[in-house]
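**Q** Top to bottom, those sequences are chains U and Z.
Quick note: the first sequence, position 591, residue 591 per this note's numbering, numbers continuous.
Quick note: the second sequence, position 52, residue 52 per this note's numbering, numbers continuous.
I should point out that these hints are in silico values taken from the structure, not numbers from a laboratory.
Where is the CB? At the ideal position from N, CA and C, for every residue including glycine.
It is possible that part of the hints are untrue.
In the EDC-like style, the derived pairs of lysine to aspartate or glutamate whose C-alpha atoms are separated by at most 20 Å in a straight line are [what the hints assert, rightly or not]:
hint	chain 1	residue 1	chain 2	residue 2
1	U	Lys196	Z	Glu178
2	U	Lys334	U	Glu297
3	U	Lys313	Z	Asp145
Here are some chain U residues the structure puts well away from chain Z; computed CB gaps all over 10 Å [stated by the list, open to error]:
hint	residue
4	Val326
5	Val457
6	Glu554
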Amino acid sequence: MLYLGWMFLSLVAGERMKGLNISDCYTRKLLWIYSSRSDEEFVLFCDLPEPQKSHFYHRSQRLPTQGPEHLPCGDSKDLSDVQWYLQPKSGDRLEEITESSSRHIIQEKNTLSFLAPEMNTAGSYICRPRIRSSQDVACCVKTVLEVKFQPNASCENPALHKQYLLLGSTNSIYCPSLSCQSGVQSPEVTWYQNGKLLSQQRSNPMVVFGVYDFHQGTYVCDYTQSDNTSSWTVRAVVQVKTIVKDTNLKPDILDPIQDTLEVELGKPLTISCRARFGFERVFKPVIRWYIKDPDREWEVSAPEAKSIKSTLKDEIIERDIILEEVTQSDLRRKFVCFAQNSIGNTTQSIQLKEKKGVLFLYLLLGTVGALVGMLAAGALLYRHWIEIVLLYRTYQSKDETLGDKKEFDAFISYAKWSSFESEAASSLGEEHLALNLFPEVLENTYGYTLCLLERDVAPGGVYTEDIVSIIKKSRRGIFILSPNYINGPSVFELQAAVNLALADQTLKLILIKFCCFQEPESLPHLVKKALRVLPTITWRGLKSVPPSSRFWTEMRYHMPVKNSKGFTWNQLRIIPGVSCWERLSKTEATGRSSQPSKRWSHLPSSPRDRDIAGQNTQHGSG
Amino acid sequence: MAAEIDDCNCINFVGMKFINNTLYFIPENDENLESDYFGRLEPKFSIIRNLNNQVLFMDRRTAIFEDMPDKDCKDNALQTRFIINIYKDSCARGMAVAISVKYGEMTTLSCKNKIISFKEISPPDSINDTKSDIIFFQRSVPGHDDKMQFESSLYEGYFLACERERDLYKLILKKKDENGDKSVMFTVESDRY
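Just chain U, same shape as in the assembly:
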């Protein structure tokens, strides 16, 4: 069954082939001379006679204008779609030439291209239209191709099969098969460009006046060589390319532009180098990556360079360098991209830098931490300023009390009990504070000398004069402020002290806020101002009673700075009695010793009436 089918097929095929009477075809002879030096191509054209243009009658007869060798072809078909057949020299069988016939033979429209000469290239090639009617049996062209090998021994400089024309200039195309002819006259040459006949050109070489880009293509030059028996057409094929002139510039590195690159340690990195090279006919671009250590330099094996963009005038080539892991030593190296052409070379080096982000964070944290620390230190300092000063004072030997000719360290002023007022609890507290607590703490514990009007001043003098003189003899004035004080007569003491303090630099005033009070309008202006400006220590009731409380610490801060030796001695109270007597003997104002035992009293004192002079109250033994 299969055999029958195959038989049938071959018969039909043979029938078709037989239908082709090749003897009726227009025959011509071509000679291909090749030398083994370069890739030489060859082409065969299927130049079937063109169909006549518009006619009024049916074209069935031969027109007289056509020569006897030109057989008519019907005009109803596409003459660019042709079928080629080969009748090899050896056998008789016609073979169809298809795409898979041979690697070296390519059919493009009606042109058959031979990419390289082969053993069995020579033969008869027949071409005819693929679609034809029965009357066009004779529409075919037969080309007898002869291939000859001729090593160019007779020529030093033959024309190449690949030629370049410089755009904008006037150049010539040389026919390779005629270049080595030493004949006197060069024969008439027929030129074709891309399959089209160039009827204007007849000579060798073919001159192109003003080369444009459309002059690029495949050129074929034919000339006739006749010997005694027959005439052959010698054909050669030239590939022409239009180019610009060679560049006179060095390559240009487009990327990288900057000298530094931020990277992350431990991560892979790819750096890409792109360079633009100008056009060169003999183009040998070089693009490489180098690593430069302080002491040596070496080339890196990088993946192959690839051409990114290729235009008429230049070409952009890229090459990457790949680092699998960025190490610390890479940060010290320089990576250099090197590009070179025949004019010169250019380089671009890159330094790797660690990403600033991490460093920046540390810096920021450090600054913030420092600021916070400073703020905390400032707050601490502010809070404990008094303690710090006191601490400083204990270790310094300066004593401001020397040489100022004052007797008392401080004078205490407080609201006196008035006969017109009933005993009020607050008044009791104030007096107790002034007459008992202050002496106990400041004199006994801390060794200051206090002056109390009732205790240390001899009675009988003028009140105002006494006050003034006491204040003048004191280094500090302590005023226990309360509504009673402010609204009562004792405020005169404050007023006097303020006036004196303005004159005397060594007198300083300390206010003690015993309890809240309202400033009366009747107060002198100066006193009002003083109340606002002078240092105020708040008495907080029972909390402030113990000598170690904040109240007493603040008091000490405002009290005069005394010699640390004496101070410590006083504080230790080694010979309390001695100190007492010593002080007493120094006082001027008191003619007679006034109630020394008072110092020793720890019991609350009963209110004394100042007006009752000479009254000697007996206190409990100390």
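Since chain U is already given, all that's left is putting chain Z on it; use the hints.
**A** Just chain Z now, with coordinates in the frame of chain U:
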């Protein structure tokens, strides 16, 4: 290396419209979107010549090439001095230009319906389209940097050319001949005046 999708190039659609059997999507307008357009830049004054050195000039709403000595060229400046308006192109295809001339009124060269004419308009500042009958792409001839070709943006493959018609050399729009066509090449000389 696999291609990465760039987040910045995504467009969000906020609506849909169905018009004439076609579904249109309305994009979110976040100032990153720009319609295709031509935007006008600075104009240049030039004299256009063909390869035979004939000068192009406007005569009664047609464009003619004529041999003209320099003095005549200067005298007829209003007709020979063409204003090449360069436009910014949203899809870069070459230098987009509009050719206009001010002789009386401002007129602009148009290739509508593949016929060369002068429209009595001034070249607009912006054209919201990628094709226009007044916009041509001026490109230099490869290898000949002084010679220019003008391809129509409306009809691709069609170029301004000089063609002889009886005794006149007219400016026409034609499809460029692949085998080499010098009629589509011009020199553009910056006007000195």
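**Q** If you test the structure against every hint from before, which numbers come out violated?
**A** Failing hints: none at all.
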